[in-house]
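Colleague: Put together the whole structure using the sequences plus the hints.
Number of protein chains: 2
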Amino acid sequence: MNPFKEYFIKGQQNKDEGHLFSDSWLQEWRKSINKSESYSKQAAAWNIPLILLFKPLPDFFKSKNSVGIYLDLRSGTCTELRYAVSDDIETNCVVLSASEKSWLQLLQSGKNPTLFLLNGKLKLEKGSKTLLVSNAGAAKALLDAAPSNSGDQIPNVSEQESNIGNNRPTSEPHERFSTVTKGLDFESFPMKLFQKAKIYGVWNPSDISFEKDRSDWKNMSADEQTIIMHLSSLFLAGEEAVTLDLLPLIRVIAKEGRIEEEIYITSFLWEEAKHTEFFARFVMEVIKTQPDADRFHGPFYKKLFYEKLPQALSALDHDRSPAVQLRASATYNMIVEGTLAETGYEAYYKMLDDHDLMPGLREGVLKLKQDESRHIAYGLWLINRILEENEDLHPSFENLLDELLTDATNIIHEIFDRYDTVPFGLEEEWFLDYAIKQFQHRMEKLKLNN
Amino acid sequence: MNPFKEYFIKGQQNKDEGHLFSDSWLQEWRKSINKSESYSKQAAAWNIPLILLFKPLPDFFKSKNSVGIYLDLRSGTCTELRYAVSDDIETNCVVLSASEKSWLQLLQSGKNPTLFLLNGKLKLEKGSKTLLVSNAGAAKALLDAAPSNSGDQIPNVSEQESNIGNNRPTSEPHERFSTVTKGLDFESFPMKLFQKAKIYGVWNPSDISFEKDRSDWKNMSADEQTIIMHLSSLFLAGEEAVTLDLLPLIRVIAKEGRIEEEIYITSFLWEEAKHTEFFARFVMEVIKTQPDADRFHGPFYKKLFYEKLPQALSALDHDRSPAVQLRASATYNMIVEGTLAETGYEAYYKMLDDHDLMPGLREGVLKLKQDESRHIAYGLWLINRILEENEDLHPSFENLLDELLTDATNIIHEIFDRYDTVPFGLEEEWFLDYAIKQFQHRMEKLKLNN
Chain Z
0 MNPFKEYFIK GQQNKDEGHL FSDSWLQEWR KSINKSESYS KQAAAWNIPL
50 ILLFKPLPDF FKSKNSVGIY LDLRSGTCTE LRYAVSDDIE TNCVVLSASE
100 KSWLQLLQSG KNPTLFLLNG KLKLEKGSKT LLVSNAGAAK ALLDAAPSNS
150 GDQIPNVSEQ ESNIGNNRPT SEPHERFSTV TKGLDFESFP MKLFQKAKIY
200 GVWNPSDISF EKDRSDWKNM SADEQTIIMH LSSLFLAGEE AVTLDLLPLI
250 RVIAKEGRIE EEIYITSFLW EEAKHTEFFA RFVMEVIKTQ PDADRFHGPF
300 YKKLFYEKLP QALSALDHDR SPAVQLRASA TYNMIVEGTL AETGYEAYYK
350 MLDDHDLMPG LREGVLKLKQ DESRHIAYGL WLINRILEEN EDLHPSFENL
400 LDELLTDATN IIHEIFDRYD TVPFGLEEEW FLDYAIKQFQ HRMEKLKLNN
Chain A
0 MNPFKEYFIK GQQNKDEGHL FSDSWLQEWR KSINKSESYS KQAAAWNIPL
50 ILLFKPLPDF FKSKNSVGIY LDLRSGTCTE LRYAVSDDIE TNCVVLSASE
100 KSWLQLLQSG KNPTLFLLNG KLKLEKGSKT LLVSNAGAAK ALLDAAPSNS
150 GDQIPNVSEQ ESNIGNNRPT SEPHERFSTV TKGLDFESFP MKLFQKAKIY
200 GVWNPSDISF EKDRSDWKNM SADEQTIIMH LSSLFLAGEE AVTLDLLPLI
250 RVIAKEGRIE EEIYITSFLW EEAKHTEFFA RFVMEVIKTQ PDADRFHGPF
300 YKKLFYEKLP QALSALDHDR SPAVQLRASA TYNMIVEGTL AETGYEAYYK
350 MLDDHDLMPG LREGVLKLKQ DESRHIAYGL WLINRILEEN EDLHPSFENL
400 LDELLTDATN IIHEIFDRYD TVPFGLEEEW FLDYAIKQFQ HRMEKLKLNN
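In the order they appear, the protein sequences are chains Z and A. Quick note on numbering: numbering that gives the first Met the number 0 labels position 342 of the first sequence as 341, and the sequence is numbered without any gaps. Quick note on numbering: numbering that gives the first Met the number 0 labels position 90 of the second sequence as 89, and the sequence is numbered without any gaps.
No lab work stands behind these hints: they were computed from the structure. Quick caveat: nothing in here was measured; it's all calculated off a predicted structure. Careful, some of the hints might be misleading.
No distinction is drawn between identical chains; accordingly, a pair holds when it is met within one copy or between any pair of copies.
As a list, the in silico DSSO-like pairs of lysine-lysine whose alpha-carbon atoms are at most 27 angstroms apart [what the hints assert, rightly or not]:
no.: 1; residue 1: Lys181; residue 2: Lys191
no.: 2; residue 1: Lys40; residue 2: Lys61
no.: 3; residue 1: Lys366; residue 2: Lys349
no.: 4; residue 1: Lys181; residue 2: Lys287
Modeller: Right, dumping it as structure tokens:
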């Protein structure tokens with residue numbers, strides 16, 4: 000038997016005054032309402048009697064020829080509190096009905112009348128719901144004033160209810176909003192990139208058909224399949240990594256109040272998510288088995304994508320100094336995107352273009368490449384913004400670039416090392432040269448003063 | 000005079016052996032190379048002489064009838080190191096040229112040969128650039144072995160160069176990638192929402208014309224202009240707030256490894272950025288003056304949008320417990336989006352629809368509303384996911400909802416309180432009722448077990 004039912008039956012059996020819903024309990028409640036500062040303040044404008052109907056009607060109320068409880072409420076005081084009779088309902092009043100269980104929860108367990116009203120446990124039989132919800136504070140004060148039962152059968156849950164998820168010291172309010180105080184700088188480089196992203200970055204990976212890709216896959220030799228799966232497994236993890244690892248950077252940019260930049264990076268992030276989806280679809284729908292990371296992700300790849308990249312970015316959680324931002328952006332934008340991804344796209348083309356293989360994959364890669372060119376442009380712009388303000392960091396930044404370029408070339412070595420003869424006639428030397436050229440293009444755009 | 004130049008001139012003036020580029024210095028360098036474990040390991044496969052040309056040729060080298068330095072390198076050792084003569088260049092060798100300053104930077108200041116090669120300070124006159132870059136480690140070891148100058152004129156920056164932005168303990172590597180190990184769950188609710196977002200959420204705020212909006216604005220009464228500006232200033236800050244405040248939630252979801260959810264939230268975030276852009280454009284291009292936040296953002300609005308919302312979300316930075324996630328999502332998705340924004344859209348329609356005013360604004364608001372319906376659907380799904388796993392939180396969550404609904408209704412009161420007669424015939428009672436209904440619709444979708 001539930002505690003409410005148990006308690007209520009106990010209240011009925013024991014006719015002693017002072018128990019729940021007894022005459023003296025009702026009078027105690029009235030006195031308590033009139034002592035409540037909270038009620039008198041919040042109900043100052045409430046001037047209409049309230050009737051609490053019990054539906055279905057418990058025997059106890061039947062025995063009193065009553066349908067529930069009548070409260071006459073005037074300007075923050077309760078002038079009368081008694082058993083309600085059915086004729087009361089016809090007068091000018093607000094009528095609420097609920098089951099005995101719900102009334103007990105409201106009167107004794109600190110449950111919230113607004114929520115009960117919204118979830119249908121409490122019904123408004125007469126009166127305006129808006130009026131009632133607007134006076135939610137007054138209603139709560141009214142119910143809170145009800146004398147508690149003398150026993151301990153009903154657990155009072157109000158203590159455990161307070162402050163859910165709010166046990167932290169208050170932190171990070173907004174001081175002001177940029178768009179309110181000064182609008183957006185539509186002429187800024189990030190907003191111009193954002194305009195491009197809204198036009199060129201809205202392609203849908205799901206629209207790309209892999210029909211021919213599937214038949215091409217079946218016709219490939221085992222070696223050819225291996226290298227396609229190899230490269231795709233590098234992109235799969237790579238795109239997921241950048242989708243995850245961009246988050247600390249966008250947070251720092253937002254915290255610095257650079258709303259135009261944050262707006263651009265939202266498109267950047269969304270595009271990375273689509274790239275992740277694209278490669279996941281390709282692997283699931285064409286290759287049809289998940290790649291074996293331990294097989295295809297070598298030590299140098301793992302070092303960069305499993306460790307250095309996430310660490311360079313998540314370091315921003317604790318330290319958003321220019322040096323940390325430079326490492327984050329150089330690792331992400333210059334090496335992962337600007338050198339390795341670019342070289343990977345070229346590998347797909349070299350393998351597939353001449354023989355018109357896997358048009359779906361190539362179509363997606365072409366779109367990816369377009370998106371990435373905006374990402375890299377933003378990254379270089381960000382690096383230059385930081386370099387311009389921090390000339391002392393130039394020498395160490397150059398060393399960082401060298402370290403990262405070595406990471407990139409090591410990955411390219413590592414890929415080719417697995418093959419005696421690389422399918423599709425790919426040559427390591429050509430790819431190393433291509434990667435270095437990509438890197439060099441990015442370098443040339445940096446404003447390094449030596 | 001720069002320190003390199005100064006040093007070099009000093010070296011030229013002082014002919015003592017042991018100084019830079021003297022015969023004995025060259026022999027010291029050769030010995031040092033042959034003692035270098037780093038060089039012998041990394042250059043094991045290098046078997047071709049290297050010539051370092053000085054361009055323009057300094058007098059010191061001219062006096063030796065030399066064009067630079069010749070190093071014969073065999074399987075990780077240096078068999079000969081001497082002044083180079085011009086005929087050496089014609090032999091089978093790799094030739095690099097640089098200015099005296101650049102050579103000094105490379106040989107004495109730990110500057111990086113790969114970067115010098117990429118930025119043009121070091122030129123490859125003969126040989127393969129890829130070969131050279133592939134042997135970057137060997138080249139660095141070769142240069143590092145050069146005897147340091149005896150003076151202290153040249154600052155050695157190699158110490159300050161190390162570890163830029165990398166002074167944090169390593170943290171948060173990726174253990175594995177979901178897309179690699181198990182692919183994406185395209186049947187999950189978040190991925191289905193993502194599919195919708197890629198179709199319906201790609202509208203471009205910049206495509207919306209405000210031409211008629213501008214003429215409508217000019218024809219409005221001062222009171223009408225005031226309420227349009229009032230409502231727009233609430234949306235302006237509101238959209239910027241949600242664009243900023245979503246970031247801690249997406250981070251938590253990503254950290255929990257819920258890649259499908261993160262993918263969906265990237266579209267959610269991108270849409271919020273576009274909503275921010277939309278209202279910024281409307282205010283800048285139609286109203287043409289920034290709204291006065293102090294005038295339009297009342298105490299209850301400020302409490303929610305400047306404090307409670309950012310705090311509920313940024314609390315996730317330190318505590319991603321279910322209770323904190325519930326408060327974050329209830330505040331963001333149920334109240335700000337699901338109750339207040341929805342009511343605000345309705346206010347625009349009620350003011351503008353009947354008189355066919357401001358079609359650009361209405362078009363944008365219609366798109367916003369579509370986007371928001373996906374956001375709210377995700378929020379409810381998220382709340383239900385957490386509620387299902389945490390039944391103990393149900394009672395306190397209900398109290399939280401009541402607290403937040405009160406925040407929302409207080410904001411609506413506060414808005415209408417500023418007007419004796421609200422322009423366009425808006426009525427407070429109608430809006431309170433609408434807001435409560437929106438809230439109730441959301442409530443009904445929650446799996447609260449009482």
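Colleague: Hints first: check each against the structure and report whether it holds.
Modeller: Each hint tested on the structure:
1. Lys181 / Lys191: within (18 angstroms within a copy, 38 angstroms between copies)
2. Lys40 / Lys61: Result: close neither inside a copy nor across copies, 35 angstroms intra and 98 angstroms inter.
3. Lys366 / Lys349: Intra 17 angstroms, inter 42 angstroms, cutoff 27 angstroms: intra-copy only.
4. Lys181 / Lys287: Answer is between: at 11 angstroms across copies they meet the 27 angstroms cutoff, but 52 angstroms inside does not.
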